[in-house]
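Whole structure, please, built from the sequences with the hints as guidance.
So the sequence lines, in the order shown, correspond to chains B and Y.
Under our numbering, the first residue of the first sequence is numbered 1, with each subsequent residue one higher.
Under our numbering, the first residue of the second sequence is numbered 1, with each subsequent residue one higher.
By construction, these hints were calculated from the structure, which means they are not laboratory data.
Identical copies look the same in the list; a pair holds intra-copy or inter-copy alike.
List of simulated lysine-lysine pairs, DSSO-like, C-alpha gap at most 27 angstroms:
1. K83 to K45
2. K87 to K2
3. K82 to K45
4. K156 to K138
5. K87 to K214
6. K127 to K156
7. K12 to K58
8. K138 to K28
Here are the chains, one letter per residue:
2 protein chains.
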Amino acid sequence: MKVLIIYAHPDKQSLNHSMLEFTTNYLKEKNHEVKVTDLYAEQWKAGIDEDDFLNHEKGSRLYAMRDSGSAYLAGMLSEDIKKEQAKLEWAELIIFQFPMWWYSMPALMKGWIDRVLTQNFAYVSGKEFENAPLAGRKAFILSTVGVPEEMFTKGKLGEIDEVFFPIQHGTFSYAGFKVLPAIIGYSADSRRSNCFEKTTEAIKERIDNIENIKPIY
Amino acid sequence: MKVLIIYAHPDKQSLNHSMLEFTTNYLKEKNHEVKVTDLYAEQWKAGIDEDDFLNHEKGSRLYAMRDSGSAYLAGMLSEDIKKEQAKLEWAELIIFQFPMWWYSMPALMKGWIDRVLTQNFAYVSGKEFENAPLAGRKAFILSTVGVPEEMFTKGKLGEIDEVFFPIQHGTFSYAGFKVLPAIIGYSADSRRSNCFEKTTEAIKERIDNIENIKPIY
Numbered sequence: 001m002k003v004l005i006i007y008a009h010p011d012k013q014s015l016n017h018s019m020l021e022f023t024t025n026y027l028k029e030k031n032h033e034v035k036v037t038d039l040y041a042e043q044w045k046a047g048i049d050e051d052d053f054l055n056h057e058k059g060s061r062l063y064a065m066r067d068s069g070s071a072y073l074a075g076m077l078s079e080d081i082k083k084e085q086a087k088l089e090w091a092e093l094i095i096f097q098f099p100m101w102w103y104s105m106p107a108l109m110k111g112w113i114d115r116v117l118t119q120n121f122a123y124v125s126g127k128e129f130e131n132a133p134l135a136g137r138k139a140f141i142l143s144t145v146g147v148p149e150e151m152f153t154k155g156k157l158g159e160i161d162e163v164f165f166p167i168q169h170g171t172f173s174y175a176g177f178k179v180l181p182a183i184i185g186y187s188a189d190s191r192r193s194n195c196f197e198k199t200t201e202a203i204k205e206r207i208d209n210i211e212n213i214k215p216i217y
Numbered sequence: 001m002k003v004l005i006i007y008a009h010p011d012k013q014s015l016n017h018s019m020l021e022f023t024t025n026y027l028k029e030k031n032h033e034v035k036v037t038d039l040y041a042e043q044w045k046a047g048i049d050e051d052d053f054l055n056h057e058k059g060s061r062l063y064a065m066r067d068s069g070s071a072y073l074a075g076m077l078s079e080d081i082k083k084e085q086a087k088l089e090w091a092e093l094i095i096f097q098f099p100m101w102w103y104s105m106p107a108l109m110k111g112w113i114d115r116v117l118t119q120n121f122a123y124v125s126g127k128e129f130e131n132a133p134l135a136g137r138k139a140f141i142l143s144t145v146g147v148p149e150e151m152f153t154k155g156k157l158g159e160i161d162e163v164f165f166p167i168q169h170g171t172f173s174y175a176g177f178k179v180l181p182a183i184i185g186y187s188a189d190s191r192r193s194n195c196f197e198k199t200t201e202a203i204k205e206r207i208d209n210i211e212n213i214k215p216i217y
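Spelled out as structure tokens, the structure:
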């Protein structure tokens with residue numbers, strides 16, 4: 001299987017980085033192919049602007065959606081975007097790995113989504129969801145949170161699938177990805193929580209059973 | 001009333017920019033004070049990293065939450081963050097204005113939230129929601145979307161408050177803000193939709209009745 005990991009964490013000594021190494025190694029051990037986009041390491045540009053569209057006349061009005069779509073068709077997207085789009089076309093499974101910040105992904109990863117998932121590449125008017133150009137690829141979130149699991153089942157914070165609705169439904173599913181359940185490392189900041197052990201166990205299981213996991217959307 | 005507008009759109013000729021001007025002028029006309037943070041114009045840095053925390057030893061482990069909290073208490077946050085925190089302390093109403101991209105805010109605005117709402121400033125362990133340090137301020141989303149309103153009431157896309165759950169509940173409400181209903185300009189890309197007229201009418205009404213609008217959270 002061809003696996004693309006989109007990864008955002010600022011610290012190479014972090015739990016998240018250890019999990020990234022674990023996942024990469026385990027995938028290779030099982031004879032999968034892996035590519036990683038490390039957004040902090042690559043100093044990913046977060047904001048869409050006119051420099052993304054090489055066919056855009058400087059200073060003229062910018063329509064992020066339309067302009068991204070016509071730049072895609074003309075082969076005039078900036079190089080960093082093209083490179084990521086090529087990886088996405090190659091991939092059969094995409095893992096989005098990030099620490100949860102404010103009920104969502106870090107800004108750099110949102111910037112990857114904003115800039116890479118252009119019109120005509122990731123969605124075509126009238127061809128969203130199962131008919132989108134990238135349809136059929138699998139995707140899931142691999143994330144860590146500081147609080148214990150109960151906070152997202154019994155607490156004031158909401159259910160985890162409510163929290164991830166804009167990502168899992170509004171982004172992955174909209175772009176035609178089959179959304180597999182998120183893997184979450186809870187109590188990630190506590191040494192006693194065995195977060196690394198539990199999460200890597202879940203990653204192994206996920207990879208071993210990737211063909212049998214039912215999509216949630 | 002003291003009003004802070006956090007604004008993210010890459011194009012000064014956009015509908016969003018006209019709405020920003022309208023809102024700013026109308027507020028002043030009604031004798032409110034206004035400050036604007038224009039994230040694209042200020043080339044806002046989106047990614048949290050160790051440079052945000054001036055008391056962080058370079059190359060040592062980074063814990064975004066804890067390190068932001070201790071840098072805040074020590075007065076050692078980077079200047080751009082401090083400036084925004086001062087504006088937030090000043091404000092009684094905060095408007096987050098952005099075009100909806102992928103069911104959420106543009107990456108630059110997520111970067112404002114990630115970096116400015118530090119521990120001990122915007123939340124204190126055990127003092128979330130109504131007991132948070134900034135509690136009592138009002139906040140709402142002012143956004144535009146390309147599709148018609150029906151898409152968020154009858155369509156596959158989900159209800160608008162589901163879409164904004166991570167922002168309105170997980171961020172605003174968590175930080176103690178009283179969340180007023182979002183104002184959305186639908187069919188923003190269509191000339192026939194009168195999006196500007198409808199939305200500015202809603203903005204006027206909101207400002208005129210700001211004391212009487214019931215929070216949704």
